[in-house]
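K.L.:
Sequence:
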Amino acid sequence: MKAMLINAYGENATFDAADVAKPEVKSDHVLVKIAASSVNTVDTMIRNMGKDLPLSPDTPAILGMDFAGTVEAVGEGVKDYSVGDEVYGCAGGLADLPGTLAEYIVADSNLIAHKAKNLSMREAAALPLVAITAYEGLKRAGIQKRQKVLVHGGSGGVGHVALQLAKHWGAEVYSTGGGEKQLALIEQLGATGINYKNETVEQYVAKHTGGAGFEVVFDSVGGANLTNSFEAAALNGQVATTVSMCELDLTPAHFKGLSLHVVFMLIPMLHNFKREQHAEILRALAQICESGGLKPVLDEEQFSLEQVGQAYARLESGKAMGKVVVEV
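Just so you know, my numbering puts the end of the sequence shown at 328, numbered straight through with nothing missing.
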């Protein structure tokens, strides 16, 4: 099969086209003919940092985690899938799991689900990593109807899904963005936009919550921005974040009695730990998509498998709006 290989890591590392052996299906797995894959920030981190990240595969490596495609063969013990089924998932591209920048993947059936019928392959491929992350973070934060929820970075990959899910679950959703395009997308997706460049946290907390703060804050920016999340949260509030590799003063969280939820959705893949939970979440997400509660936003630029280097550059440029997708 055709695949794009990384032969050495680094910021200028290139993807090289190669013919590699087509993988063979094994028990509890399915062989999927890949139609599309999407690029996530963690993919670019692996390419740039290599073995400085403990989850990077040995080179030569096939990167890429998300995919949508069609089942071509079913391994022993797999009950829920048949040849010809259209599926999506996040199932490779790290540690010892070959990735999705190739024509085929053998995927653990606990890391996939049937794709939503109303989504294209490109749209379905955009969802798994970011949507599982958003779903897990909001659920762990105990989201409820009529709560005031703040999403930091609502025009980004994880953020644009988080605000749609929060709205789907009946919350009153607000979201920060840093420019006209970002705020326009946030409003289009049904949230109240907040320009963090023009308003301080204190100002927008006063304006939208009467100074009480948001009951749930989903921080897809994280790092230093967590201090803004602590400031924006209500007393005994919930903060979920996707980025916590930082040193931080937790004093504000202490005096507010905040709960902090760190979401690292790669744990099931890396440690073969409760992988079936990802399948359950992906099934739930497909139903939400089919009910009209969630639609991924795709960046306007389109890329073929051979153009994957340009796709990575597009995501790293910060100019992409929505998910960057590669067609296989």
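I should point out that these hints are in silico values taken from the structure, not numbers from a laboratory. Mixed in with the good hints, there may be bad ones.
[Claimed, not checked] Label pairs and their computed distance ranges (CB to CB): (1) 118 - 210: 19 to 27 Å; (2) 79 - 198: 49 to 57 Å; (3) 14 - 181: 26 to 34 Å; (4) 188 - 146: 19 to 27 Å; (5) 211 - 272: 20 to 28 Å; (6) 60 - 203: 27 to 35 Å.
[Claimed, not checked] No more than 25 Å apart at the CA atoms, straight line, and that leaves these computed lysine-lysine pairs for PhoX-like: (7) 197 - 319; (8) 33 - 207; (9) 79 - 33; (10) 22 - 79; (11) 51 - 181; (12) 26 - 79; (13) 181 - 207.
Source: prediction; values computed, not measured. Heads up, the beta-carbon is just placed ideally off N, CA and C, and yes, glycines get one too.
K.L.:
Looking at the structure, which of the earlier hints fail to hold?
P.N.:
1, 5, 6, 8 and 11
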